[in-house]
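Chemist: Chain by chain, the residues:
2 protein chains.
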Amino acid sequence: MSAAVPRLDLHADPADLTRTLVDIPSVSGDEQLLADAVEQAVRGLGRYEVLRSGNAVLVRSDLGRPTRVLLAGHLDTVPIAGNVPSRTEGDVLHGCGTTDMKSGDAMLLHLLATLENPSRDLTVVFYDCEEIEHERNGLTRIEREHRDWLAADLAILGEPTDGKVEAGCQGTLAAWATVRGHRAHSARSWMGVNAIHGAADVLQRLASFPAREVDIDGCVYREGMNAVGITGGVAGNVIPDECRVRINFRFAPDRSAEQAVAVVRELLDGYEVEVVDVAAGALPGLSAPAAAEFVAAAGGTPSAKYGWTDVARFAALGIPAVNYGPGNPSLAHTREEHVSLTQIREMTETLRSFLA
Amino acid sequence: MSAAVPRLDLHADPADLTRTLVDIPSVSGDEQLLADAVEQAVRGLGRYEVLRSGNAVLVRSDLGRPTRVLLAGHLDTVPIAGNVPSRTEGDVLHGCGTTDMKSGDAMLLHLLATLENPSRDLTVVFYDCEEIEHERNGLTRIEREHRDWLAADLAILGEPTDGKVEAGCQGTLAAWATVRGHRAHSARSWMGVNAIHGAADVLQRLASFPAREVDIDGCVYREGMNAVGITGGVAGNVIPDECRVRINFRFAPDRSAEQAVAVVRELLDGYEVEVVDVAAGALPGLSAPAAAEFVAAAGGTPSAKYGWTDVARFAALGIPAVNYGPGNPSLAHTREEHVSLTQIREMTETLRSFLA
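These protein sequence lines map, in sequence, to chains A and B.
Under full-length UniProt numbering, think of the first position of the first sequence as 1, with each following residue one higher.
Under full-length UniProt numbering, think of the first position of the second sequence as 1, with each following residue one higher.
Honestly, the hints are just simulated from the structure, not real lab data.
Don't take each hint at face value.
If you want a taste of the chain A side facing chain B, the calculated C-beta under 10 angstroms gives, among others [said to hold, decoys possible]:
(1) G82
(2) P85
(3) E223
Footprint (simulated), chain B over chain A, 3 or more residues, beta carbon under 8 angstroms [to be verified]:
(4) 169-175
(5) 228-234
(6) 237-244
(7) 302-313
All values reported here derive from a predicted model rather than from experimental measurement.
Here a beta-carbon is modelled for each residue, glycine too, at the ideal position from N, C-alpha and C.
When you get a sec, could you build the whole thing from the sequences and use the hints?
Modeler: If you want it as structure tokens, here you go:
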């Protein structure tokens, strides 16, 4: 570790700590400096086992408590959009990563430093490359190489939930449907078969898909089947022989990945369908004791997480998993990303009350 | 004119002359060398008035005949696709421009040289930039600057018709229809309005357009309304807020350009429609005496020209106009472009019989 590693004051106000983290750029693949700073700070606490894995930092206690809570936050951000360094206006901190999810990281780092005698054992994972492809995601590597570090009774992921508990997550599927035709000069269009005209049927099937609303543990998951892209055409005077429709299916976590694939294939029966990516959702698992206790501590009614998050990984490992972090999730990945400093402090204290 | 100008032997076999013309590259905008060669050759005949206009060469007789026939051929080609110089296989000449339309040019040049005592006065226009935008087309310039050269009782355009007379031409209209929606994260798709789904209605209206078949002077014009391109989509996780459909309408020449625009606007009523180009068709005009005599000389039954050609300009000037030239029009603009040497010779003789 070089002398240039920024020093993090974990005992400081978690809102100030968020500002410090945001001002250390860490776009996916370029998290080393921030990971070094986090490693240096948590080792400095002197009371945790610390493991460095690539640009991930894993921290755990061994107090012999009856339950273990796994807390996780990714260190990387999407590409900076002219919004680093951060900017503070009254109670609002603006900048890349303020919501997704350096405020969540600051909450977890601050609790590591200030929880003196927690009632539960803690494992905290700060990881890299969440914003890019699954294979590069730090959790993929940790699951492969350090599977024992992921054992827990409950996982809490610090992804933004704007003060609420968001349980489980929906699954997501990406596919391309291809409609074929036959090319011809447009002056003699009857000699061809227009693939773009043919795509009308695909679009109608997608639009008329009976999207379900599924209630699980009091959380309502609302599905969505959509064309998110379309492309076709050869030239202004040619009947097109191909039209491709890009599809995104967000499905409730009572369907498996395989079932979601089958739904899309059945809906588009008769067309070429290439499924390019599918990630199962996560059941909320709120009936598990540790999860129920957390929901009670956090107060309010938990709701469904619509976007896919890494809670699905924990659910796949049999660990009940929820999202709980500062910031409005709809601001994630936007140039206008910002977070309330008050909310960072309030959510940190709520989480402390559950762990203390 | 420099010494490097190739010499054309207009008295030679028009099939050989075609080969010579193909081997002088003349992609649109780069016709000077070929125009120089044509100008030198027709001036060398010594019995016509010759006018050079840019890279166009205009030639006319003044024999005091009761009728005047205007013959026209463009000197330019689409970009070469590895198919120049030409290649002869038996009766077939392969290469860029063999069909569209240096075989037609060769036919006209050979007749200029070998028609000793024509029964009709002749005006022959070899022009530039037919394959690109209207404003650069040599005929646009000639119509503006040398309008008197375009007076005639019949115009014959040497565009490929594969041995037949193709009368008039269909009109063509290009437009974009835009469907608007509202952007949202695809995990919460019900908060958005999917513009690509909305395009299904546009595509269905296009596909169900009642395309007419219109019989005019025994020529049947069959219309076509088509999507020739479609584009939409923001990202794999975003409900798209815009989808654009590129439209091509080929319409029978009994509709004016204004009427064609109205047809498209009515069909897509309720959507944003931007008409980017419209070119009226040309009525066949076969009831005019000179046209009827030409059809009789050519034999067979004239048919409708489906593609748009410059005959529409002559029709707009009140001159009956037909297409008549060697080569299969469906080979135009293809890498496989080729022409039958026998057909070049036969069509030249048929045209001679009408003009002699």
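Chemist: Look at each hint and say if it fits the structure.
Modeler: Results for each hint:
1. Checking G82/A against chain B by beta carbon gives a least distance of about 19 angstroms; that is not within 10 angstroms, so the hint is violated.
2. Restraint check, P85/A versus chain B: the minimum CB separation of about 27 angstroms is more than 10 angstroms; hint violated.
3. At a threshold of 10 angstroms, the smallest CB-CB gap from E223/A to chain B is about 9 angstroms, leaving the interface hint in force.
4. Counting residues of the region 169-175 of chain A whose C-beta lies closer than 8 angstroms to any C-beta of chain B gives 3; at least three are required, and the coverage claim holds.
5. With 7 residues bearing a CB less than 8 angstroms from a CB of chain B, the region 228-234 of chain A meets the requirement of three and the coverage assertion stands.
6. Residues of the region 237-244 of chain A with a Cβ under 8 angstroms from some Cβ of chain B number 5, which satisfies the need for three, so the listed coverage holds.
7. Restraint check on the region 302-313 of chain A versus chain B: 3 residues with Cβ-Cβ distances below 8 angstroms, three needed, restraint holds.
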